[in-house]
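Trainee: Okay, here's what each chain looks like letter by letter:
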Amino acid sequence: MSFLAKYIGQKVRRTEDPRLIQGIGHYVDDIKLADTLHVVILRSTHAHAKINSIDLEAAKSSPGVVAVYTGKDVEGRVGFVPCAAALPDLKVPKYPVLAQGKVIFVGQPVAAIVATDKYKARDAADLIDIDYDPLDVVTDPEAAVQADSSVIHEEFGTNIAFHHSAGTGDIEAAFKQADRIVSEKLYHQRLAPVALEPRGVLAHYLPGEQQMTLWSSTQIPHLMRTQVALMLGINENRLRVIAPEVGGGFGSKLNVYAEEALLGWISMQLKKPVKWIESRRENMTSTIHGRSQSGTVEMAVKNDGTLLGLKYQVIADMGAYLQLLTPAIPTLTGLMLSGCYKIPAISMQCTGVFTNRMSTDAYRGAGRPEATYLVERIMDCVALELKMDPVELRRKNFPKPEEFPFATATGLFYDSGDYEKSLARALEMSDYQKLRAEQSEARKQGRYLGIGVSTYVEICAMGPSIALPAGGWESATVRVEPTGKVTVMTGISPHGQGEETSFAQIVGDMLGVDMDDVLVIHGDTSIVQYGIGTFGSRGLAVGGAALACALDKVVAKARKLAAHILQTDESSLTFENGRFVGAPNDSSITIQEIAQAAHTAHNIPPDFEPGLVATHFFEPKNFTFPFGSHLRGRGRQGDRRGQGASIYRR
Amino acid sequence: MITGNFDYFAPSNVEEAIKLLNEYGDDCKIISGGHSLVPVLKLRLASPAVLIDIGRIKGLKGISFEGGTIVIGTNTTHAEIARSAELKKHCPLLVETAGQIGDQQVRNRGTIGGSLTHADPAADWPAAVLALDADIIVKGKGSVRTIKATDFFVDIMTSAVKSNEIVTEIRITKPAQPQAAAYLKVPQAASGFAVVGVAAQLTLKDGRCEKVAIGITGLGPKAYRASTSENALIGNTLDAATISAAAEKADTEAVDTMEDIHASGEFRRNLTRVYTKRAIMAAMSRA
Numbered sequence: 001m002s003f004l005a006k007y008i009g010q011k012v013r014r015t016e017d018p019r020l021i022q023g024i025g026h027y028v029d030d031i032k033l034a035d036t037l038h039v040v041i042l043r044s045t046h047a048h049a050k051i052n053s054i055d056l057e058a059a060k061s062s063p064g065v066v067a068v069y070t071g072k073d074v075e076g077r078v079g080f081v082p083c084a085a086a087l088p089d090l091k092v093p094k095y096p097v098l099a100q101g102k103v104i105f106v107g108q109p110v111a112a113i114v115a116t117d118k119y120k121a122r123d124a125a126d127l128i129d130i131d132y133d134p135l136d137v138v139t140d141p142e143a144a145v146q147a148d149s150s151v152i153h154e155e156f157g158t159n160i161a162f163h164h165s166a167g168t169g170d171i172e173a174a175f176k177q178a179d180r181i182v183s184e185k186l187y188h189q190r191l192a193p194v195a196l197e198p199r200g201v202l203a204h205y206l207p208g209e210q211q212m213t214l215w216s217s218t219q220i221p222h223l224m225r226t227q228v229a230l231m232l233g234i235n236e237n238r239l240r241v242i243a244p245e246v247g248g249g250f251g252s253k254l255n256v257y258a259e260e261a262l263l264g265w266i267s268m269q270l271k272k273p274v275k276w277i278e279s280r281r282e283n284m285t286s287t288i289h290g291r292s293q294s295g296t297v298e299m300a301v302k303n304d305g306t307l308l309g310l311k312y313q314v315i316a317d318m319g320a321y322l323q324l325l326t327p328a329i330p331t332l333t334g335l336m337l338s339g340c341y342k343i344p345a346i347s348m349q350c351t352g353v354f355t356n357r358m359s360t361d362a363y364r365g366a367g368r369p370e371a372t373y374l375v376e377r378i379m380d381c382v383a384l385e386l387k388m389d390p391v392e393l394r395r396k397n398f399p400k401p402e403e404f405p406f407a408t409a410t411g412l413f414y415d416s417g418d419y420e421k422s423l424a425r426a427l428e429m430s431d432y433q434k435l436r437a438e439q440s441e442a443r444k445q446g447r448y449l450g451i452g453v454s455t456y457v458e459i460c461a462m463g464p465s466i467a468l469p470a471g472g473w474e475s476a477t478v479r480v481e482p483t484g485k486v487t488v489m490t491g492i493s494p495h496g497q498g499e500e501t502s503f504a505q506i507v508g509d510m511l512g513v514d515m516d517d518v519l520v521i522h523g524d525t526s527i528v529q530y531g532i533g534t535f536g537s538r539g540l541a542v543g544g545a546a547l548a549c550a551l552d553k554v555v556a557k558a559r560k561l562a563a564h565i566l567q568t569d570e571s572s573l574t575f576e577n578g579r580f581v582g583a584p585n586d587s588s589i590t591i592q593e594i595a596q597a598a599h600t601a602h603n604i605p606p607d608f609e610p611g612l613v614a615t616h617f618f619e620p621k622n623f624t625f626p627f628g629s630h631l632r633g634r635g636r637q638g639d640r641r642g643q644g645a646s647i648y649r650r
Numbered sequence: 001m002i003t004g005n006f007d008y009f010a011p012s013n014v015e016e017a018i019k020l021l022n023e024y025g026d027d028c029k030i031i032s033g034g035h036s037l038v039p040v041l042k043l044r045l046a047s048p049a050v051l052i053d054i055g056r057i058k059g060l061k062g063i064s065f066e067g068g069t070i071v072i073g074t075n076t077t078h079a080e081i082a083r084s085a086e087l088k089k090h091c092p093l094l095v096e097t098a099g100q101i102g103d104q105q106v107r108n109r110g111t112i113g114g115s116l117t118h119a120d121p122a123a124d125w126p127a128a129v130l131a132l133d134a135d136i137i138v139k140g141k142g143s144v145r146t147i148k149a150t151d152f153f154v155d156i157m158t159s160a161v162k163s164n165e166i167v168t169e170i171r172i173t174k175p176a177q178p179q180a181a182a183y184l185k186v187p188q189a190a191s192g193f194a195v196v197g198v199a200a201q202l203t204l205k206d207g208r209c210e211k212v213a214i215g216i217t218g219l220g221p222k223a224y225r226a227s228t229s230e231n232a233l234i235g236n237t238l239d240a241a242t243i244s245a246a247a248e249k250a251d252t253e254a255v256d257t258m259e260d261i262h263a264s265g266e267f268r269r270n271l272t273r274v275y276t277k278r279a280i281m282a283a284m285s286r287a
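As they're listed, the protein sequences go chains A and B.
Residue 1 is where the first sequence starts when you use our numbering, and the numbers rise one by one after that.
Residue 1 is where the second sequence starts when you use our numbering, and the numbers rise one by one after that.
Isolated chain B (complex conformation) (with noise of 0.2 Å):
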């Protein structure tokens, strides 16, 4: 459990990271919390020549609000979006979120930036933002760029997000009034880890849905919006036989699914339909 030899750089702001990361290339790893990372380094799973701790830098944390968006900076841990009293009021899906990831400790470290470019496919993070249908920045030498949630997962441990780019923050329009939210996911025993999770966010208006979106993680090799229920749901009133039906088809979006020791693909799919129904009734339960 010891890691290989690496060099370690603590840069004070971004633009001095980016030039690090331009200038070691493959052979250097961005660490934040170093939740992920660090169980791999001590595995020797991988052993980067040179670790960047943007941890350090100014300005990369913490919540903040810009007239309707919500602004969330990269290094911002899940205990602070957890306990955060504002987040609560007005987007009430990232607190509940937060507050399923892992244990207290891992709460602690771990941040949302470093959880979202992992892109680890059982995290909980991916499910909300593209539920609240977030925006990324990511910034790179010279260029600042916008990735929209839907675009941000690409693959199995991988996102959007270039080797010599940096995500700074995540940015949420504030969910309108009158919002219903959840947040349910089936966790692996021992870790924590969505086996399958499913965050709906609805807007509401005269018992009708008028706005509806589910972030679906756990289920396939990469998070994913549950469109076809979405149609399902949207501009109906939400009675129980609707849920039931547009639950029905969460997993149609997921052509492949995950299979391991924790469930198999086709109780994946199973759970899927079950929690979209839950996550979506627990929402309404709280509208």
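Here chain A stands alone, though its shape is the one from the complex (with noise of 0.2 Å):
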């Protein structure tokens, strides 16, 4: 096929704007069914606590107040808030979607409030008397592994999750041959990923169908489908989930929540729409955190800076319970501790620990930009050792173009890559030498003047199915409808990254039609074929891919229709601009033409299935492997603020 990219790398409005700028998209607090009762949820305001007793009689006297539900209603009828991830012995604690017994972090829920308005909800959350036991707690993750902690799950006996190795090649002898090791303690800090819009579920059960209806603001929700369906016992495609508008997720939105469950189930009680909208301090204590790790690294050089080997050894704190990928997180950072460098062997030994706090999990980068920073930043202590320039050590190490695809010493192989490319860039950019010149010169008179460099390499467009515990594959309809629009489903769930438009690019240039003629139809159980959802950078990588692939199919099945009213063959025909051209007779057909033929199926070939429509699912062969590099100077006066270049290959 060919076409001409009239819409692929051109600028083009994003469709999905203005009504977002206009405020008039639907998020889940926008969408409003009748009768429907609000949730507020109270709160452990323990990090350990024994809970002795939980007074509920005001609270339910309360005005407007419906129901009022503990640990105790939802035991044995709530399934535990799952972890999808697998690693060997790895210590799975049960986590309930209300507490039982015992809190372990801030923030964990504790009873639900259910009320006519959520002001009444909130005002008897207020009137709950919960005696707490407060128990010895542990928020140091290397605290946590010491003989004197307090343990958070009894029934293990320790605060260990689990252990694990990550990276081949002889480290040992790598060490023994080194002329210096240079090691390092880094810090990851623990971050809140604070989406602009918190989470927030509406959940409406019809008792007579038997079905329901659950809006999330998620980025998964098929397999959130999937687990609430097995949390609540019901028919999993008797549960359709939706992610309206979603006001961003950074990783936070990727996991299944104790309240989207939590919701469910108090619907089928109450047989009502139920509706809890997340308060920016329950999204500071009670959505997922990101990073946390204290570990050291280690790397074995030899004085002309060649990298021979790298160890690290990390303490990764997991939080109270773990979320769906909590553990499979400082595993990622295992697969990027090559960085973009030739180190032929890599240790990796993690130790992940409980501790009493809001589980961590996947945040913006997910585990890579831990690895990112503590192999940049080794990378520096090294070119400090060796007295070596920051920018020669990294030269020396890069693997060269012609080196790709590359196999690094965690298992990857990086498809391509120019290192050298971008740091020559960003070096020309910033005017490197200058800078350097500056830097003496301002040493002299007994000022400092920084200079950043780092390159680096990202995992993106997660990714083979192998890698990723629901599979990493993507899916993609495409319906060209009777009057030749075209309507695209797609399984991932776009929340900012803007694929209404650049899908309907794609679509615009491979069928050669208006792109105001695509309507891209995400976040829809029961519309949309299953999906895997956006995250890892995975939308347009995987998702496009799909769509790609479906969008062949159809004009596939189309040439079929096209050579048969055209009267000639296929292979004669081109598609180009949304028209099959190149006949003997010179006559030619649209797309659209061909959609309304197919439906109308009154001139088909005899073994041409009526309709226009192709779904793919696509599973990708490897990762993607974007590079770049950034260089900054900075004096401590602020003096060269600006001076600095950012370059990147996506």
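No lab work stands behind these hints: they were computed from the structure.
Be careful, since some hints might not be right.
[As the list claims (entries may be wrong)] Calculated Cβ distances over 12 Å to all of chain B for the following chain A residues:
# : residue
1 : K176
2 : T296
3 : L386
4 : P390
5 : K400
6 : S571
7 : T590
[As the list claims (entries may be wrong)] Below, simulated PhoX-like cross-link-like pairs (lysine-lysine); rule was C-alpha separation at most 25 Å, straight line:
#  : chain 1 : residue 1 : chain 2 : residue 2
8  : A       : K60       : B       : K42
9  : B       : K148      : B       : K42
10 : A       : K421      : A       : K400
11 : B       : K42       : A       : K32
C-beta atoms are modelled at their ideal positions from N, C-alpha and C, and glycine is treated no differently.
Mind assembling these two chains? They're in different frames, but the hints should get you there.
Mentor: And the structure:
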């Protein structure tokens, strides 16, 4: 197929934006159903405490309150919050949707108050009296592995959730051969993701139809459908999950949370729609956190700067429970420990530990920025130790363009790269030699000018199915309607990435139709075929590839019908700008005409299925490995601020 | 993040507001921009039964000049002060201070009277009104009184305004020319509140410091005038050595210091000395 790039690579206005800018899109809280009851969740104010008693009487008789539920009500009725990540000997604690007898982090749900409006529910929450018996708290992951630490999950007898080793190559030999070993202790602090729109759930169970619709601010409607159906014990196909507008996720909505199942269950009890919208405070305490690793990195090097081996010994903070991917996050750090350098031997020893804090999980890069930071930091330490220019040290250890695909000691194959090129461009843009000259001049005057350089590679387009607990493929359906309008149903779930636009660009170019004729539907499990979702830089790379494959199928089918109508061979036809041309009699037919003919089915070949629809499930063979370079000079007084360059190749 | 129940009044004049204040006493709170109060209500740290919104009272908002006096209505927002060309000309310290409060959204809503009355020890305004020797006009039932800035800040979150009084305006004598002024602060990373903030207002004559006032916020439970430093400057030629020596005494008046996750007491003292020096230098460089 050939097509002219009328849209792809061109500046087009985002089709999502008018409704978002005008505030007329629909987020979960904008969806109003008649008779909706409102839920407020009372959360633990203790990091670790035994619950002696909960007095609900005053709350239950508070005006407007319909019901109040605690751990006792859901015990045995709602399944545990799931962890999908699997590691050898991983200890997975049972994570109830409402605390049962004990709380182990601040923000853990303890009671759910249901009232006729959210204000009444919130007022009633103040009337619940919980008698806590505080227990010893451990929040520091390094303290959690000490013998004198309090144990959070008594059933395990330890706070250690798992040990994980990664890397290949003869690490001991590398360290023996080294001229020098440079080491550094690094701490990656905890972060709260804080999407602009907090989480929110609206659940509506119809007892007659035995069907439930769950609107949730999520990145993974399909995976959530499967998990929540299991938690509630209902058939997956009777649960419809809708991710309406989602105001950012950053990984924090790549999860299945207690509230999603809890709201579903409450709706089943009360047979009414129930809504819960997370407050910003809850968003800080009770939506997953990111990072929180503390480790020691060691690099074995030759005096000439040749890297021989890297060791990373790390304690990774899981938090109190394991959410969907919690233990998998530090394993991604392990995958990226080679950075964009040739390091023949790499070894990571990771200990995952429980602490009395909210679970960590996928947040912006999810384990990979930790790797970039520690690799780049140790490169600077090595350069300092060897008195080498940090730029030269990096250059020396880059794999050359001809060495790609490049196999790392962490088991990855970087498909392509030219790290020298992006670095050279950054050096040129920032006038690196001049910066260094200024730096030494400033130093003579007793001033300090800092120059920071970082070169990095990322692992994106998650990913081959083998690498992900629920598969890493993506799906797309393209349906050309009788009028020639094109409907795309994608399994990804964009929440700011803009695929309603970029997918329409792909369709516009590949089918030769106007972008405005394309509708991209996502985030509704009753409309869209099963999909994996949006995370790990996969939307366009994997979801877009699925779309392109589905479009190929549509064109192939259209070509069959075109050849039949134009009374020629398929091979003689060329598809360009939405039209099949090249028939001997110079006749041609548009994709819109084909769509109509495929639907009326008055003139189709004998073996031709009416309609013009195709679905493709795309399985990527590898990740993608975008890379870039950053360089910045900065003085103590801010002189040279803004002197910098960032180069990316995506 | 939902407040408790409250009754809401929006009086149209000060007298009506004062009447309501006397009627509801300790059960009520005044709200104007709401920038400090609303978060407190949402976190239910306070649940007053009555809110009296003075934000709709005409005549309490705006910047005017009465001869040699600058008059700022209590409901004037930080943003209005930050963009006042007249103030920039006659009293640049107010403009500079206002521009450094919070972020644009905060400046658009928050008011000078609200901020002063709230008496947050990390607020910016206290430093500026102290350095400008401002008068704060307060009205009560049948009474009007003037509180000097130096008497206004009593303790952490406590001002000299009584619970049945309302701040109506801030009056500042137009600084004599040639003036030199600067407000420098170390902002808390997230909120922009001052870890330490130093406002310096000087009048220079023939290279000598004829008049100086230094207001310091953030260090102690209440903002204060750094009198010891001022005395070391007044009448002197302001060379680097004199400024440094004076700034070294900038924390003398602070008996207690704030101490929190942003900075220890000792570090705050150090910041106070360093920023006093920088503030005076910055003021001089603009003279």
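Trainee: Check each numbered hint against the structure and report the violated ones by number, ascending.
Mentor: Failing hint: just 9.
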